[in-house]
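Q: Spelled out, the chains give:
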Amino acid sequence: MNRDSNPLVFLFSLLLALVLQAIALPELITPFRPLLLALTLAYWAVYAPEMPALLAAWLLGLCCDVLYGAPLGQYALGLVTVAYAARRLSDTLLAFPLWQATLALVPVWALYIFLMFWIDGLTHHPADALHRWMPLLTTSLLWPVIAGLLGGMNSRRSRRGILP
Amino acid sequence: MNTLSDSARKTLFPRGPGLGLKFLLFATLSVGLMVTDHHGDTRLRPVREWTARALQPLLWVTSLPQATFNLGDHFRSREDLLTENQSLHQKQLELEGRLLRMDALEAENARIRELLSSAASLQTRVLIAEILRVDQNPYRQIVLNKGEHDGVYKGQAVVDAEGIMGQVIEVNPGSSVALLVTDSDIGVPVEINRTGLQTIALGRGDGQTLSLPYLPGNADVKVGDLLVSSGLGGRYPPGYPFGKISELRHPAGENFMEGIAYPSARLNQGHQALLVWAERPALPAEPEPAVEQATDANAGANNTKTKASPAPTRRDTTAAHKLETPQKKPAPATPAAAPVKPATPPAKPR
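Residue numbers (our numbering), protein chains in the order written: chain A, 1 to 164; chain B, 1 to 350.
Simulated from the structure, these hints should not be mistaken for lab results. Since no wrong hints were added, every one of them can be taken at face value.
Keeping only pairs whose Cα atoms sit at most 20 angstroms apart, straight-line, the calculated SDA-like set for lysine to any residue is: (1) B:146 with B:270; (2) B:22 with A:51; (3) B:146 with B:131; (4) B:22 with A:85; (5) B:146 with A:23.
Here are some chain A residues pointing at chain B (derived, C-beta under 7 angstroms): (6) 19; (7) 23; (8) 24; (9) 58; (10) 74; (11) 80; (12) 126; (13) 131.
Since the structure is predicted, the reported quantities are computational estimates derived from the model, not experimental observations. Cβ coordinates follow ideal geometry from the N, Cα and C atoms, glycine included.
Using the sequences and the accompanying hints, generate a full structural model.
A: As structure tokens, this is what we get:
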């Protein structure tokens, strides 16, 4: 998977994920909001190793910290951990069929959520348990969709780039 | 052959040599930031401010769907507007009538307070803020569109038309984050409007209800009693409605009963909130020197109390001396609070 990815697609997808993460949804479906930022970062870490996913994760994490009023560094640490874990697992994930990769990534999301939950407890920043843990389900299920979507966008762009 | 397999290896396993190192660097940086920030280090303020400034367009983008939704307001029928206008006119008249009475009552109140040589009133400085539709899950907090530029400070009370909503926990240059009263981290000093009994209301963390855990077992409390903020502690302005008691639990053999209340503020709906400055600006000089002397003495007596209460601001230096004024009000009220106050510590071990 050493094809050249478009840096514009990289930046745009991450910004879009940040916006979608911050946009308000109806009360009923908010608990099910997937962790789009973590998903997108994991995609880039797995499929485009030449992209600075760790740096992006850290910067976007700082943005999340300011957005949520959390102690600076909390979400940065979480997202960097996700990007690192995804990059380390990338060999396995690329070798597996998509549904197995989806299962293999569940512990990564769980680790991220647990880290956030733990730091919330340490810093006395109470969060709603349902809203904290429910995204684990939706995030896990959304991995094939994100991988397909971003993969389609990325490969089409890169092919167009390679062709004169 | 050797070189070929080598290059194939590289493409198949494109792991950078410094990946672990990079992760370690970022992780330590994050942990370091977290520890410094949690200890309230002010050197991190600029980082937060710059990031908040950079995120301003994002806040604008997230508010777009709401704005397009509100676009429907432009296409409303004439009759609708007319009826609304009429009803607003009626309400205005009604409120004006009440306001006239209020003026008289306020004057009378001021006179009586002068006699008591205490100088508090319900008049406070307010600022209307828009509640931004920025998702804060999994936290139960709201984002307001007023920030440091408008003089918002950490610990400021947020109210809506119905009652107290919460307090500001985070101030950015152009926005601020507020925690709602139903959060389990917030305690508000309240009094029961009917009897004047003072107690503390805590959020229960379920986003719906409040708990009054320190009610004496024989206290005169009824279901339906209105709670108003008492202003003790100087953080919340006194006299704002806070909630209604909906249930009283009296476990057998316990000395205390617990009240469950619903907040009167509409926490989940509504687009606007009022930011209230709890510290009243210094009173215009009173004509009678005798009264001034009395208030001065009162302020001196209350100074110790002011120090004991948590300072609500870090940056606002002017707030420090302003804070004394709302502190004076509780002076006549403290005897009433006295029976409750000593009762609070024994409740803790439970």
